[in-house]
Amino acid sequence: MAEIHVKKIPNGYVTLVEDPVLANNRLFISTQGHDTTTLAPLFQKNWSFNFNDAFQTSYADEQRGEIILEKGVITCWADNESQGWDNLWMSYYHATLDWNYFPCKPGWKTINGKVLISRRFTIPGFGTEIGSGTTGHQLYSSTDITAGAGAITQTNTYAPNYYVYEDVSNQRIWGTWQGSSSGGYINVTQTYETQLGTGSNVTPSNNDKSVQFFMGVDDQGFLHYVGVQDGTSTTYYSQYTFYKINPTSYAVTQIINQSYRSNTTRVCPRSWPSNIRRASSTRRVIYSCHYDASSNLAPIRYVWNPADGSVTATNCTMTYSGANTYGTYSAMYTTEANQTYNNMSWHQKGYQFTVDGVNYITFWLTDKYAHAGSGSSRWSTSLKRTMMTYTIGAGTGDDVLTYHSSYTFPTVNDIPRDFMPINAAGTQMMVPVTLQMKFFSFNSSTGWAPTGTYPYEFRSVGLDQTNRIWGMSREKGNAVLHMITPTIPVTINVVMASSNFTFTGSNISTSCTVDAYGSDGLRISTAVNLAIDGNTMIFTTNSTKNITITTSASASTVVNLTITGGGVNNIIASVDI
Amino acid sequence: MSIRTVYADGRFDVFDGERHIIHQPFKVSDTGAQEPWDSEEDALAWWDTQQAAYTANTEE
Numbered sequence: 001m002a003e004i005h006v007k008k009i010p011n012g013y014v015t016l017v018e019d020p021v022l023a024n025n026r027l028f029i030s031t032q033g034h035d036t037t038t039l040a041p042l043f044q045k046n047w048s049f050n051f052n053d054a055f056q057t058s059y060a061d062e063q064r065g066e067i068i069l070e071k072g073v074i075t076c077w078a079d080n081e082s083q084g085w086d087n088l089w090m091s092y093y094h095a096t097l098d099w100n101y102f103p104c105k106p107g108w109k110t111i112n113g114k115v116l117i118s119r120r121f122t123i124p125g126f127g128t129e130i131g132s133g134t135t136g137h138q139l140y141s142s143t144d145i146t147a148g149a150g151a152i153t154q155t156n157t158y159a160p161n162y163y164v165y166e167d168v169s170n171q172r173i174w175g176t177w178q179g180s181s182s183g184g185y186i187n188v189t190q191t192y193e194t195q196l197g198t199g200s201n202v203t204p205s206n207n208d209k210s211v212q213f214f215m216g217v218d219d220q221g222f223l224h225y226v227g228v229q230d231g232t233s234t235t236y237y238s239q240y241t242f243y244k245i246n247p248t249s250y251a252v253t254q255i256i257n258q259s260y261r262s263n264t265t266r267v268c269p270r271s272w273p274s275n276i277r278r279a280s281s282t283r284r285v286i287y288s289c290h291y292d293a294s295s296n297l298a299p300i301r302y303v304w305n306p307a308d309g310s311v312t313a314t315n316c317t318m319t320y321s322g323a324n325t326y327g328t329y330s331a332m333y334t335t336e337a338n339q340t341y342n343n344m345s346w347h348q349k350g351y352q353f354t355v356d357g358v359n360y361i362t363f364w365l366t367d368k369y370a371h372a373g374s375g376s377s378r379w380s381t382s383l384k385r386t387m388m389t390y391t392i393g394a395g396t397g398d399d400v401l402t403y404h405s406s407y408t409f410p411t412v413n414d415i416p417r418d419f420m421p422i423n424a425a426g427t428q429m430m431v432p433v434t435l436q437m438k439f440f441s442f443n444s445s446t447g448w449a450p451t452g453t454y455p456y457e458f459r460s461v462g463l464d465q466t467n468r469i470w471g472m473s474r475e476k477g478n479a480v481l482h483m484i485t486p487t488i489p490v491t492i493n494v495v496m497a498s499s500n501f502t503f504t505g506s507n508i509s510t511s512c513t514v515d516a517y518g519s520d521g522l523r524i525s526t527a528v529n530l531a532i533d534g535n536t537m538i539f540t541t542n543s544t545k546n547i548t549i550t551t552s553a554s555a556s557t558v559v560n561l562t563i564t565g566g567g568v569n570n571i572i573a574s575v576d577i
Numbered sequence: 001m002s003i004r005t006v007y008a009d010g011r012f013d014v015f016d017g018e019r020h021i022i023h024q025p026f027k028v029s030d031t032g033a034q035e036p037w038d039s040e041e042d043a044l045a046w047w048d049t050q051q052a053a054y055t056a057n058t059e060e
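The listed protein sequences correspond, in order, to chains A and B. For the first sequence, the working numbering begins at 1 and goes up steadily by one. For the second sequence, the working numbering begins at 1 and goes up steadily by one.
No wet-lab data here; the hints were simulated from the structure. In this text, all values refer to a predicted model and were calculated from it rather than measured experimentally. Every residue, glycine too, gets a C-beta built ideally from N, C-alpha and C. Some hints could be false.
[Stated by the list, open to error] A partial selection of chain A residues facing chain B, derived with a Cβ cut-off under 8 Å:
{"no.": "1", "residue": "Gln44"}
{"no.": "2", "residue": "Asn207"}
{"no.": "3", "residue": "Ser249"}
[To be verified] Partner residues aside, some chain A positions facing chain B, computed with beta carbon under 8 Å:
{"no.": "4", "residue": "Thr203"}
{"no.": "5", "residue": "Ala251"}
{"no.": "6", "residue": "Thr253"}
{"no.": "7", "residue": "Gln254"}
{"no.": "8", "residue": "Gln258"}
{"no.": "9", "residue": "Ser262"}
{"no.": "10", "residue": "Thr264"}
{"no.": "11", "residue": "Val358"}
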């Protein structure tokens with residue numbers, strides 16, 4: 001783990017941007033190019049949003065932690081409870097439900113080697129902008145965005161927050177624009193490799209107060225989305241509307257209209273759809289996290305068949321051991337301080353993953369403003385702070401969710417601000433919380449548990465193309481970039497063979513065992529510095545009170561000791577990072 | 001803005017000038033059941049609940 005960079009240049013320049021052309025292997029840190037692998041500066045390779053040789057300095061979202069990385073970014077910051085900090089306009093990892101096949105990206109390399117990059121001038125407005133407004137996008141004519149005079153064309157018209165799909169056969173680039181009281185919109189641009197500005201803002205079905213999630217493209221080439229509506233009005237309580245868009249006429253066909261469970265009494269629990277599990281070629285499965293009339297978690301299973309474009313909804317059957325119920329473990333969180341629009345700082349979202357052929361779903365609780373405002377009321381009890389994990393039924397019986405485990409976040413400050421998997425299996429999560437970054441690991445016997453901590457509060461975190469974790473904080477300068485490596489030891493155990501010895505005048509030979517564990521809770525091999533605090537014990541190997549040993553990834557490492565007299569001795573362990 | 005609705009053979013479409021904004025070949029539901037529209041009146045009643053979003057200014 002390391003602090004990589006303190007940003008001194010003004011706001012208006014994004015702190016960290018990964019080159020959308022991955023083969024270039026470049027990261028732009030405060031506009032200066034660096035080799036992604038070695039982080040060596042690349043002189044004469046400088047880039048910021050620029051057009052006709054003029055830098056664009058109106059970009060201001062890095063106040064909120066803006067970084068742009070290939071494998072996704074989540075944001076973990078809110079200034080208050082009354083703006084759209086949680087409407088996905090920067091947190092683009094969650095804006096697609098099928099990241100591995102249809103990633104969302106603010107930077108996009110086209111099929112013919114051009115580069116598109118969107119730039120957000122400020123947070124999306126509520127009530128004025130529709131479809132674009134605070135967003136612009138630029139087209140660069142080659143795979144080297146540092147070359148020449150910058151972008152060859154730029155416009156705010158039909159500019160998305162991020163691109164979701166390049167339709168090569170029909171020559172269109174599609175994107176999503178989140179925010180606005182009028183809900184999210186879908187943007188499409190034609191002639192996107194030569195001249196921006198021709199296309200359409202497509203109005204989704206039931207987009208009022210909505211956030212839009214991209215599902216992918218069906219076998220006929222239609223784009224599928226699910227919009228979720230939330231607001232203080234009793235009209236909205238996380239209704240899901242599924243729809244598809246014709247790839248050339250842009251006509252919208254509504255497939256499912258405002259789906260929800262029976263709990264309409266409490267607005268704004270913000271129940272977002274889970275990621276997609278590809279069960280078969282005709283079954284892509286999503287779960288909601290709605291509640292029933294008794295405020296029990298009662299998800300709906302949605303099965304999308306990309307062969308015919310249909311989506312079918314089925315209420316899940318929830319199964320618990322013995323007489324237990326949902327209320328045994330958890331309670332629906334309350335929603336103090338909800339806002340008029342879809343701009344609350346909290347939500348719940350399911351995440352599906354598979355371990356040894358068994359499918360699981362965890363319903364993660366998140367809140368970017370739990371630490372202040374009404375957060376303490378929202379998360380006032382341990383039941384509210386408990387997230388649930390279920391085993392998903394096999395095959396087409398995946399509408400049956402059986403209780404597996406639960407995890408209670410100990411305090412309000414431990415409520416996740418967001419979550420994002422850091423391994424392919426989805427069993428390790430980075431979970432920024434108030435004041436810290438946590439790492440969680442899933443065990444199929446015991447469920448989720450925290451396995452590490454990095455003591456900085458981030459505004460956003462993400463993964464670059466090499467799977468390295470980057471985080472942006474603001475404890476000094478205009479921003480601070482951290483590169484976070486969860487595989488370094490976060491826990492070191494030193495265990496003496498015995499806690500007490502009787503010294504009778506002759507040296508005593510004994511030993512201790514040393515183990516180092518990574519953020520995933522697994523033993524790792526690494527160098528550990530040991531120092532003896534005391535005057536009557538030495539390391540046998542070098543007859544001194546200091547030694548560096550290398551731990552084993554498979555077993556405890558034995559370190560021999562010699563006790564030379566009476567008294568108290570302790571061993572202090574440390575690692576170099 | 002020039003909204004035009006077309007109902008034919010159980011399919012319902014809406015155009016804004018030359019722009020095709022809605023293609024709804026079945027009745028909408030909250031389950032995904034794709035049943036045909038009962039009548040043009042049925043489809044138009046649904047459109048009444050939708051058109052506010054489409055008749056707002058969707059261009060800059």
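Outcome of the hint check:
| no. | hint | in the structure |
| --- | --- | --- |
| 1 | Gln44 | 37 Å, violated |
| 2 | Asn207 | 5 Å, holds |
| 3 | Ser249 | 4 Å, holds |
| 4 | Thr203 | 5 Å, holds |
| 5 | Ala251 | 4 Å, holds |
| 6 | Thr253 | 5 Å, holds |
| 7 | Gln254 | 5 Å, holds |
| 8 | Gln258 | 6 Å, holds |
| 9 | Ser262 | 12 Å, violated |
| 10 | Thr264 | 13 Å, violated |
| 11 | Val358 | 27 Å, violated |
The structure fails hints 1, 9, 10, 11 (numbered hints given earlier, in ascending order).
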